[in-house]
Each structure stands twice: as structure tokens, then as C-alpha cells.
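Using the sequences plus the hints, can you model the full thing?
First to last, the protein sequences are chains L and E.
Note that the working numbering has the first sequence beginning at 4, numbered continuously upward.
Note that the working numbering has the second sequence beginning at 1067, numbered continuously upward.
Any given hint might turn out to be false.
Dumping the calculated DMTMM-like pairs for lysine to aspartate or glutamate here, alpha-carbon to alpha-carbon at most 25 Å [as the list claims (entries may be wrong)]: (1) L/LYS148 x L/GLU355; (2) L/LYS188 x E/GLU1230; (3) L/LYS236 x L/ASP335; (4) L/LYS199 x E/GLU1230; (5) L/LYS325 x E/ASP1210; (6) L/LYS135 x L/GLU318; (7) L/LYS343 x L/ASP230; (8) E/LYS1101 x E/ASP1278; (9) L/LYS148 x L/ASP339; (10) L/LYS325 x E/ASP1209; (11) L/LYS325 x L/GLU154; (12) L/LYS135 x L/ASP335.
Some chain E residues well away from chain L (every beta-carbon gap over 10 Å; in silico) [as the list claims (entries may be wrong)]: (13) ILE1072; (14) PHE1084; (15) TRP1090; (16) ILE1093; (17) GLY1099; (18) TYR1141; (19) PRO1156; (20) ALA1177; (21) HIS1211; (22) LEU1229.
By construction, these hints were calculated from the structure, which means they are not laboratory data.
Using N, Cα and C, we set each Cβ at its ideal position, and we do this for glycine too.
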Amino acid sequence: MLSLVLTLAFGLQLSSADASNIPPQKPNVPDGVSALNPGSDLWREVRRRDGVGEFNEVNQGVLVKDLLSEIQRSRQVPQGISQVNQVDSGVMINAKGRRWAAFRMTTLASYSGIALAAIFVIIITFYVVRGKVPIEGGLSGNMVKRFTDYERITHWTLAVVFLLLAITGLILLLGRPLLIPLFGKEAFALLASASKEGHNLFGPLFLVSLIMMLISFARRNIYEKGDLTWLLKGGGLIGKGHASGGFFNMGEKTWYWMVILIGLVISISGLILVSPNFGQGRLIMELMHIVHAVSAMILIVVSVGHMYLGSIGSEGALEGMKTGYVDINWADAHHDRWGKHCHEEDLIVSAEEYARMQGQPADSAEPAMEQGK
Amino acid sequence: MIQYLIDGPLWYFSLAVFFIGVVWQLIAVVFTGNKADLSVPRDSAASGAIKTFFSRFVPHREIAPAIMLPVVAGYMFHLGLFALLFFAAPHVVFLEENLLGFGWTPMPHWAFIVAAQFAFFGLIVLWLRRLVNPVSRLISTLDDHIAAILTFVVMLTGCFALLEGSTGLRLLHRFTVELWLIYFPFSALMHTFTFVPSRMLTGAWFGRRGVDA
Chain L
4 MLSLVLTLAF
14 GLQLSSADAS
24 NIPPQKPNVP
34 DGVSALNPGS
44 DLWREVRRRD
54 GVGEFNEVNQ
64 GVLVKDLLSE
74 IQRSRQVPQG
84 ISQVNQVDSG
94 VMINAKGRRW
104 AAFRMTTLAS
114 YSGIALAAIF
124 VIIITFYVVR
134 GKVPIEGGLS
144 GNMVKRFTDY
154 ERITHWTLAV
164 VFLLLAITGL
174 ILLLGRPLLI
184 PLFGKEAFAL
194 LASASKEGHN
204 LFGPLFLVSL
214 IMMLISFARR
224 NIYEKGDLTW
234 LLKGGGLIGK
244 GHASGGFFNM
254 GEKTWYWMVI
264 LIGLVISISG
274 LILVSPNFGQ
284 GRLIMELMHI
294 VHAVSAMILI
304 VVSVGHMYLG
314 SIGSEGALEG
324 MKTGYVDINW
334 ADAHHDRWGK
344 HCHEEDLIVS
354 AEEYARMQGQ
364 PADSAEPAME
374 QGK
Chain E
1067 MIQYLIDGPL
1077 WYFSLAVFFI
1087 GVVWQLIAVV
1097 FTGNKADLSV
1107 PRDSAASGAI
1117 KTFFSRFVPH
1127 REIAPAIMLP
1137 VVAGYMFHLG
1147 LFALLFFAAP
1157 HVVFLEENLL
1167 GFGWTPMPHW
1177 AFIVAAQFAF
1187 FGLIVLWLRR
1197 LVNPVSRLIS
1207 TLDDHIAAIL
1217 TFVVMLTGCF
1227 ALLEGSTGLR
1237 LLHRFTVELW
1247 LIYFPFSALM
1257 HTFTFVPSRM
1267 LTGAWFGRRG
1277 VDA
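The structure is reproduced here in C-alpha cells:
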């Protein structure tokens, strides 16, 4: 009741602030009432928005453009008057919020689900058709150092934090349509609450890991001569023979810069969302949510491909991030320019020496050598 | 029923296992004894013990660059966890109402979040180093991995229950804490208490022999 009174009072205040909006008085209207239907006029004033869309699918581009122009407009058009001196406290109803909610609940959720399902279908199909890509000549057992402990810890820290954020983020985004039918509303509420807290807590750790990643790997990921050839050969999928690559090939470099740049966008938009006390209003939060969710979905979808190629998709690839060493035949096959450098600089470690360094008995190196024969 | 079990009997059982187990282990360490050192002491054992106890908080200059990452991560994790355990508002209230009968000023919420992030980051880095470094991997036992994972799970369920609005999440956190308390005395987690006598004993031995290390 009190809120109704306050709403009406607020609306009346707004109505009186802009006399041009008051419709002309009709002769048959009783004394003291300035409009035929004062309720609807008051409501329109309280909403302060026209042409609010229905709760249907909304195009992302249109919504983003709309939000940007609305942010611009909100700086010029005065808000309502309120004793509470906070951002957006003069806006009683954020009518554009319904469009954002519609986008988040329908368009964003459905396209994200489709993208995620599609990448799994593509990878499974690829694996069935192509299988694990073998190394020409098999494994030699002779190894070459590829990554230091620090680099591998940096990579895996980012991976662990990213996975935690991806899982909790997907629960929040897709949980309603996918998990409520499975677990019920009560269990999902529990899961969503836990995911939200976990997501907010781990978010800043992603930014820290990203900066560590930038410092550790940036120099070797600068594009160089020969990278374009890799691209033209489709990473070896087009034409005959392997595509030439340095320490990192063109595909890996592109993935690295995607992680850094999209990761920064996700981190900054996430920090804006998680700290609503720095003067950003609802419109900016809505815009940041869209930016955050869309960028995160791009990274999640591409990361599934990265995980596949770095593990079951390519023979000998996981070793580099597991032990820091890779088979020299793998280096020659996938990174021939770097492999050539390893041969020239005599950086190759024998199978026996490698086994000793890994704390294994020397004869444990034999199966790998046998396999390579 | 589950709530009764977790808030009641299982809580008291885990506390009993924790306290009796820790005291039992420490007594066992004290009574294990050492062979009498018959050599003529070159220097004071007591000063050696104290010196070593404090000097080991900082890595030796010669090896510092090689172990900087685990040292920094170790401090982040241990200080973060200490702050969370004893200065997080829900823990202060819990300790006051259930164990101690008195409380102290808790951290503000923002400090709570920062401490949790430090602790999580430190623990993840330390555990990954255990997995990727060949020497650490070789000397790690199953117990080390269980202790790290269990501690991570306790912290994770704690962070899930941050809103303090759900009985289910609070019970989940408390249940994992109870498992952790039961596992504690029989695991590498005992280093919480044993690192002090261990360091001091080594320091006393060094001091008596005049070793400056």
C-alpha cells in the first residue's frame, strides 16, 4: 500500500515537472482531475519509456545499439526526483530491462546452447572421421624441452580457473531450461546460488592468470614470416604435406591472442558487473552482461576445440604441457622450424636421459622407443 | 535427519577425532626421542633452534630465484587460509557460539573476499607445481594429493555458502569441514603443528655442531 502511494507520488512529481505532457482537459471531466485516464498517464510517466518490446526474442545487435543510445539519452534527459542519492535512484522502472531480460532468457540462452552442442558434434564427427592424428614415423622417444615448470603452472592455473568459471557461468546461463527439469527448482536454486558466489570469487583470479599468461608467452606468439603459409594450408588440412610452423604455429598464436584479448574483455566486463558501486547504472550493467556472456561463449566454444587438439586429437601434443618435453618427431612434424633449431643447437635429450629426469628407471623409455621404430 | 547428523553427532565426533588425534600425534613425536648426542657442543643448541625457526621463513638467497613461485604461493595460501579461518565473520560468530564463548572483530567483507582469492590462488598453484615439477611429483604421496584436494573442497563449499542464505549449502560446507577434521591428524595436514618442533629440532642440531645454515 505504502509503495503504491509512493509510486503515485513519484509519478505525480514527474507529471508536474513536465507540463507539456499533460493532455488538454476535456469539458466533461470532473473538477480536480486533469486527464481522462490519469492512471495510464501516470504509468507512462513512471516508466518514462515508449515502445517497449514484448517479452520475445531480441536481436543482439539491435539491443546493444539500443542500450548504447539509451545510455547516451539518459545523460541528457533528467531522471525523476528521489531523496535517495544513488545511481538510477531517479528511475522507478527500467523499461529497457525487459528487452535485456528477453535477450538473456531467450536469444542468448538458446544460441549459446546451440553453439555448445554444435562444437561437440563437430569434434566427435572429426574424431570419428579422422581419429587421432598420428606423428609421421611415430614417437622416437628422444625428447626436447618445450615448456618450463613456470610456464606449465601458468597454463594449468588459467585452465583450472577458466573451467571453474565456465561451468558456473553455464549453470547460470543455461540452468533454467536444462537443469530445472532434471533436478527441480529447489535444487537448482541451491546450485545457482553456489555458482554465482563461486563465479564472482574466481573471476578476479582469471584476470591474474591471464596477466601471468601474457607475460610468459607473449614474445613467442608474435606473428612472423611463414605464419601466413600455415594459414593458407589450413594448418595442414589443405593440400599435401605439413604446414610449416615455428615454436608456435599460426593457429596456436591466434588462439593465444584470442584468449588474451577476449579474456581481457570478459575480465573487465566481469569486474564492472561484480562491483556495482562505482557509479555504473543499470543500462551499463545490461550492456556489460551481454558483452561478458557473448565473449565468454566464444572462448568456451573455441576452448573445446583447443582441448581436443591438445589431448586426444593429436598424438604427442599433451606431453608438452604434462612434462614440459615433447618428442622430437612431434616437433619436426608440427613445428618444423623450431624442430630444425633443436637439431642444430643439439637440444635433444635421449630417451634414457629423459626417463632419468622424470624419475623413472631408464628401461621405462624402451616402450616409447619401440613404438617409434 | 541429515541436518541433525551434520550439526550434531558428526560434528562432535569429528572434533573429538581432531583433538585426540592431534594431541596423540604430538605426544608420539615428543616421546619418540633421539639418540643422545655425545659430541662436545660447539655452540648453543637453543640459539640455533630459534635462529633456524625464523630463518626458514625466508628462502636462502642462492636458491630463492628457483623457488620463488612456490614460496609466494605458499604465503598466499597459508596467510589467506589463516585469515579466512579466524577472521571471516561467519567463522568468528560460529567459534563464539559453539566453541569459545567469546569472539573478536571480524574482517570486513571485502577483506574476506580478497583473503579467499589469495588462498585459492595459492593452493591451486602449489598443487599444480606438485603435479608438474618432476621432483615434487616424485616425492609426493597420495596423502599429499588428498590433503590438497580436501582442503580445496572445504574452501570451495565455503565460498559457495558465502550468501549464508541456504541451509543446504551451509550443511555441505560443514560436512566437508568435518571430513577434513577427521582426516587431519592422520595426514600431511599435521604439518600445521609439527613444522615448529621439526624446524627447531633441526636448528638445535645445527647449532650444537656450529653449522651456519
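When the structure is checked against the list of hints, which entries are broken? Sort them ascending.
22
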